[in-house]
Amino acid sequence: MGYFKDILVGGWSLVKGLEVTIKRIYRPVVTLQYPRHRIEMSPSYRGHIELKRFPDTGTHYCVACGTCMRVCPSQVIKLQGEKDKALDAKRVVHYYIDFSHCSLCGLCVESCPMQTLTFSKEYELADESRWDGVIDLVRYFEESAR
Amino acid sequence: MATTNSEPVLTKEYFLNLGPQHPSTHGVLRVLLKLDGEYIVEADPIIGYGHRGHEKMAENRTYKQFMPNPSRVDYLSGFLYNHGYVLAVEKLMGLEVPERAKYIRVICSELNRISSHLLWFGTFLMDLGAFTPFLYCFDDREVILDLLDYITGSRLTYCYCRIGGVAKDIDDQFIEGTLNFIKRLRSRWTDYHNLVTKNVIFIHRVKDIGIIDKNIALKYGVTGPNLRGCGVPYDVRKAEPYEIYEEVDFEIPVGEKGDIWDRYMVRLNEMEQSCRIIEQAIKKLPRGPVKASGVPVKIEPPKGEVYFPFESARGEAAFFIVSDGTEYPYRIRIRVPSFSNLQALTEVLPGTLVADTIAILGSIDIVVPEIDR
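Protein sequence lines correspond, in order, to chains A and B.
Using this note's numbering, read the first sequence as starting at 26 and increasing by one per residue.
Using this note's numbering, read the second sequence as starting at 616 and increasing by one per residue.
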């Protein structure tokens with residue numbers, strides 16, 4: 026008697042399970058077909074860092090103080106500054122980051138005294154060579170202006 | 616010249632390598648099994664394939680620079696580790712954190728705990744051969760990842776807590792999303808129970824299998840849902856409350872026997888308890904700053920040492936920090952729950968079938984990079 030009861034109860038549990046699956050078929054699809062549908066990044070998304078453009082002056086405020094370079098846990102940042110005679114202030118000439126080593130902790134962004142660093146919204150960063158992760162942010166900044 | 620082996624070749628017992636690359640081991644874990652037919656005589660977990668040296672790395676990084684590391688120790692409950700590390704440093708410094716920051720941290724921690732348990736739910740059932748629940752719970756988990764992505768900026772390895780608070784404040788959109796998620800998750804329990812808990816095949820595969828005895832669990836230092844499954848109501852959130860866990864009302868779900876079924880039920884109930892904690896925390900969320908004022912730019916805790924345990928999704932994890940008064944920690948030791956949980960298997964696995972080994976390995980919810988760290 027118990028044998029047949031087990032079969033019936035067990036069989037019914039499988040039917041109930043299938044019911045969940047069948048109901049699900051008629052619900053909207055949640056999968057996003059990625060390369061064809063683009064994803065909107067959240068406002069706090071952290072891509073690689075970039076120099077922030079201030080709208081009042083149309084440029085960045087990096088003075089090559091090197092705080093970001095010293096605070097970085099993975100020694101990702103290398104930068105070089107030069108005194109701009111016209112402005113009578115130090116300005117950054119080269120700002121290299123090796124994105125392939127970056128763990129996106131955001132210490133550089135938080136420690137920047139001029140608050141001129143920000144996270145970009147780029148997320149397709151796969152490359153062919155390990156050297157493709159090395160970006161000159163100053164050049165990146167100039168190119169983004171065009 | 617061919618040599619003849621005078622000793623007879625033994626064929627009764629033989630060795631089988633489960634892993635290091637095996638679809639059911641959740642990482643590079645190798646278990647050396649001594650088999651007698653289909654039965655296991657001896658099991659020896661071999662670890663260390665995913666060693667990255669986080670503890671050594673800490674000695675060459677300042678307290679702030681170590682911030683991205685803890686969440687990479689256990690990537691599935693990254694927020695909890697990030698939280699725990701920050702709490703340990705704050706305890707060492709004697710820093711007082713604003714109330715609002717504490718609430719925000721707990722809300723995010725519990726969300727992360729649910730996401731970790733949901734992932735376990737999916738992968739554990741996939742080990743048992745059921746693929747459908749995996750897709751359903753990943754759908755639910757995706758909502759949490761989106762919510763946490765919205766405020767922390769990353770989906771898995773969060774670096775949101777700061778020494779003395781959190782990186783940025785939460786807004787109404789996040790709170791609304793969290794409450795909607797809880798409502799959604801609760802409506803899903805019936806589906807999960809119909810699909811899995813009441814399924815006859817599942818019941819036959821998990822009931823009375825992989826019993827971790829209470830004494831063995833205590834001997835090996837098993838913690839978390841695995842220990843609670845044996846019937847020991849031990850939870851760091853209750854035993855040594857930190858943050859706001861004293862002020863919120865929640866229960867510790869416990870099992871009876873300590874078999875796979877108990878561990879499964881404990882984790883499912885724990886998700887519900889986490890929902891309760893989040894709801895209460897949101898209701899009580901005070902206004903105010905989210906970062907303590909007067910936190911020095913250079914973190915230099917006084918000379919001394921601190922041991923800070925906290926409840927990760929897998930059990931009691933802890934940070935032991937020795938400070939020599941400089942900017943760099945002298946030593947950081949991380950106590951990970953998965954290590955003890957895995958070692959208990961050497962006593963549990965003998966006598967079981969190979970097919971059950973996969974189920975037992977899945978049920979204790981190990982994260983191998985956490986063990987190797």
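Because the hints were derived from the structure by calculation, they are not lab data.
Only a predicted model underlies this, so the values are computations on that prediction, with no experimental measurement involved.
We treat Cβ as the ideally placed atom computed from N, Cα and C, and that holds for glycine.
Any given hint could be a false lead.
Claimed, not checked - Covered by chain A, according to a simulated footprint, are these stretches of chain B (three or more residues, beta-carbon under 8 Å): (1) 774 to 787; (2) 799 to 812; (3) 825 to 836.
What the hints assert, rightly or not - Computed cross-link-like contacts, BS3-like style, restricted to lysine-lysine with a CA-CA straight-line distance of at most 30 Å: (4) LYS41/A - LYS872/B; (5) LYS822/B - LYS706/B; (6) LYS679/B - LYS706/B; (7) LYS913/B - LYS103/A; (8) LYS872/B - LYS822/B; (9) LYS679/B - LYS115/A; (10) LYS30/A - LYS813/B; (11) LYS77/A - LYS679/B; (12) LYS48/A - LYS813/B; (13) LYS706/B - LYS671/B; (14) LYS872/B - LYS77/A; (15) LYS798/B - LYS77/A; (16) LYS783/B - LYS146/A; (17) LYS783/B - LYS77/A; (18) LYS822/B - LYS41/A; (19) LYS813/B - LYS41/A; (20) LYS103/A - LYS783/B; (21) LYS146/A - LYS706/B; (22) LYS30/A - LYS671/B; (23) LYS679/B - LYS48/A; (24) LYS798/B - LYS41/A; (25) LYS671/B - LYS103/A; (26) LYS77/A - LYS48/A; (27) LYS906/B - LYS146/A; (28) LYS48/A - LYS822/B; (29) LYS103/A - LYS798/B; (30) LYS872/B - LYS30/A; (31) LYS872/B - LYS783/B.
Now the hints, each set against the structure:
no., hint, verdict
1, 774 to 787, "holds (count 3)"
2, 799 to 812, "holds (count 4)"
3, 825 to 836, "violated (count 0)"
4, LYS41/A - LYS872/B, "holds (28 Å)"
5, LYS822/B - LYS706/B, "violated (43 Å)"
6, LYS679/B - LYS706/B, "holds (15 Å)"
7, LYS913/B - LYS103/A, "holds (22 Å)"
8, LYS872/B - LYS822/B, "holds (10 Å)"
9, LYS679/B - LYS115/A, "holds (28 Å)"
10, LYS30/A - LYS813/B, "holds (15 Å)"
11, LYS77/A - LYS679/B, "holds (24 Å)"
12, LYS48/A - LYS813/B, "holds (17 Å)"
13, LYS706/B - LYS671/B, "holds (22 Å)"
14, LYS872/B - LYS77/A, "violated (59 Å)"
15, LYS798/B - LYS77/A, "violated (40 Å)"
16, LYS783/B - LYS146/A, "holds (18 Å)"
17, LYS783/B - LYS77/A, "holds (19 Å)"
18, LYS822/B - LYS41/A, "holds (20 Å)"
19, LYS813/B - LYS41/A, "holds (9 Å)"
20, LYS103/A - LYS783/B, "holds (28 Å)"
21, LYS146/A - LYS706/B, "violated (36 Å)"
22, LYS30/A - LYS671/B, "violated (60 Å)"
23, LYS679/B - LYS48/A, "violated (50 Å)"
24, LYS798/B - LYS41/A, "holds (23 Å)"
25, LYS671/B - LYS103/A, "holds (24 Å)"
26, LYS77/A - LYS48/A, "violated (49 Å)"
27, LYS906/B - LYS146/A, "holds (26 Å)"
28, LYS48/A - LYS822/B, "holds (28 Å)"
29, LYS103/A - LYS798/B, "violated (48 Å)"
30, LYS872/B - LYS30/A, "holds (26 Å)"
31, LYS872/B - LYS783/B, "violated (44 Å)"
The earlier numbered hints that this structure contradicts are 3, 5, 14, 15, 21, 22, 23, 26, 29 and 31.
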